[in-house]
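A.B. asks: Line by line, the protein sequences give chains D and Y.
Take the first sequence: its position 136, counting from 1, is numbered 136 in my numbering, and each next residue is one higher.
Take the second sequence: its position 65, counting from 1, is numbered 65 in my numbering, and each next residue is one higher.
Worth flagging that the hints you see were computed from the coordinates, not collected in a lab.
Model, not experiment: these values are computed from the prediction.
A virtual CB, placed ideally from N, CA and C, is assigned to each residue, including glycine.
Treat each hint with caution, since some may be false.
Here are the simulated DSBU-like pairs of lysine-lysine, each with C-alpha atoms no more than 35 Å apart in a straight line [to be verified]:
| hint | chain 1 | residue 1 | chain 2 | residue 2 |
| --- | --- | --- | --- | --- |
| 1 | D | K148 | D | K107 |
| 2 | D | K54 | Y | K80 |
| 3 | Y | K25 | Y | K79 |
| 4 | D | K45 | D | K107 |
| 5 | D | K128 | D | K54 |
| 6 | D | K177 | Y | K79 |
| 7 | Y | K80 | D | K205 |
| 8 | D | K222 | Y | K80 |
| 9 | D | K103 | D | K205 |
| 10 | D | K15 | D | K107 |
| 11 | Y | K80 | D | K148 |
| 12 | Y | K79 | D | K103 |
Example chain Y residues on the side facing chain D (calculated, C-beta under 10 Å, incomplete) [as the list claims (entries may be wrong)]:
| hint | residue |
| --- | --- |
| 13 | A19 |
| 14 | L37 |
| 15 | I42 |
| 16 | T43 |
| 17 | I46 |
| 18 | G54 |
| 19 | V58 |
| 20 | E60 |
As a plain string of letters, each chain reads:
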Amino acid sequence: MTLNYEEMFFFRGSKGRKLLGFIHYPGSSVRNTGVIYCHPFAEEKNMSHSVVVKTSRVFCNMGFPVFRFDLSGCGDSEGELNEVTINDWLEDISCALDVFYDKATVKNVGLWGLGLGAGLLMHYSFNKNTTPFMLLLAPVLDFNTYIKQFIRRKISTQIVGGTLSKSEPTISERMEKNGFVNVMGYPISNVLYKSFIDTPHLGEKFSPLSPTLFLSISQNEKPSFIIQQQFELISSKSNYLELEHIMAEPFWDRYWRWECPEVTDCCMNWILNKLK
Amino acid sequence: MDSDLLNAIKRIIVNSTGAEIDIQKLSDDLPLVGNILDSMSITNLILNLEEYFGFTFVDEELIAESFENIVTLAELINKKITS
């Protein structure tokens, strides 16, 4: 039996940027379906890394080649966060898929994403019927609310530090004046902020054409109201969408969660079930 | 100040912190910031208040003065829901 192996390399993404890619190749019983992973935003990417790598290896052990990559301006990929847009990231996904098909010689590729990465995959796959499945973990459905909430972390930090009072310019005013605002070490430019705001909420227009799982993960007993509402909107029109909820700590928001076997097992079982 | 409003805000604060806080011990004038609210819980609190009361805060309202204690927060919320 041949052992699994992993390859790290650079490839060209949007605007010719050099993006970091990483493929997990199964050593034996290789399937002709691969899985591509799209990471979440900012610190959530770092915090989820361990769980994602472990889950990738589990998929690989099942015979699925897995491709992980860093979007433009993120991780070890070229570009600065304050010079990219949502459209750049959608183009990165397209470039990554081309590279994956080429290098792993797979016939089709399932999409797997977390948080903003899952939201990007929803936009990327909109009206396309080119994937055997989509595994969307805690998807960001509303980019507008998401970025506003992200910026609010800066506001909250300033409130705690006592540096945000009536006499100070607001975050929007500072972003307008300086071209960007630094949130927890991540420079959010006017351009990136606007591209989040301008990204439409897909709502009921998102009608998957292949099996798709919304996997809600939280410490509550039920999925969040927003995911439940989106699921109900879509599932009345598409039989492909399923919703599952796992009661677990959101590992992409916790430095101390290095593994989340509940999520890994759920993803693995769902994919195997869909590809029967 | 309406006690129902104050109690609703207290419940939302406790839920937003994720900490085990006895709601009965939250006095109306207890300083919130740096006492029971850190930056993460303020971010959660803002969103939870918006969801519960069905309005959106504007930047100008999200200042230290608003989060001084439960009364200052209630005054802001009362102004928004009655305007």
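A.B. asks: All the hints need checking, so say for each whether the structure fits it.
C.D. replies: Hints, verified against the model:
{"no.": "1", "hint": "D:K148 to D:K107", "verdict": "violated (39 Å)"}
{"no.": "2", "hint": "D:K54 to Y:K80", "verdict": "violated (47 Å)"}
{"no.": "3", "hint": "Y:K25 to Y:K79", "verdict": "holds (26 Å)"}
{"no.": "4", "hint": "D:K45 to D:K107", "verdict": "holds (28 Å)"}
{"no.": "5", "hint": "D:K128 to D:K54", "verdict": "holds (29 Å)"}
{"no.": "6", "hint": "D:K177 to Y:K79", "verdict": "holds (30 Å)"}
{"no.": "7", "hint": "Y:K80 to D:K205", "verdict": "holds (33 Å)"}
{"no.": "8", "hint": "D:K222 to Y:K80", "verdict": "holds (30 Å)"}
{"no.": "9", "hint": "D:K103 to D:K205", "verdict": "holds (33 Å)"}
{"no.": "10", "hint": "D:K15 to D:K107", "verdict": "holds (27 Å)"}
{"no.": "11", "hint": "Y:K80 to D:K148", "verdict": "holds (19 Å)"}
{"no.": "12", "hint": "Y:K79 to D:K103", "verdict": "violated (60 Å)"}
{"no.": "13", "hint": "A19", "verdict": "violated (13 Å)"}
{"no.": "14", "hint": "L37", "verdict": "holds (7 Å)"}
{"no.": "15", "hint": "I42", "verdict": "holds (4 Å)"}
{"no.": "16", "hint": "T43", "verdict": "holds (5 Å)"}
{"no.": "17", "hint": "I46", "verdict": "holds (6 Å)"}
{"no.": "18", "hint": "G54", "verdict": "violated (13 Å)"}
{"no.": "19", "hint": "V58", "verdict": "holds (8 Å)"}
{"no.": "20", "hint": "E60", "verdict": "holds (6 Å)"}
Checked against the numbered hints above, the structure breaks hints 1, 2, 12, 13 and 18 and satisfies the rest.
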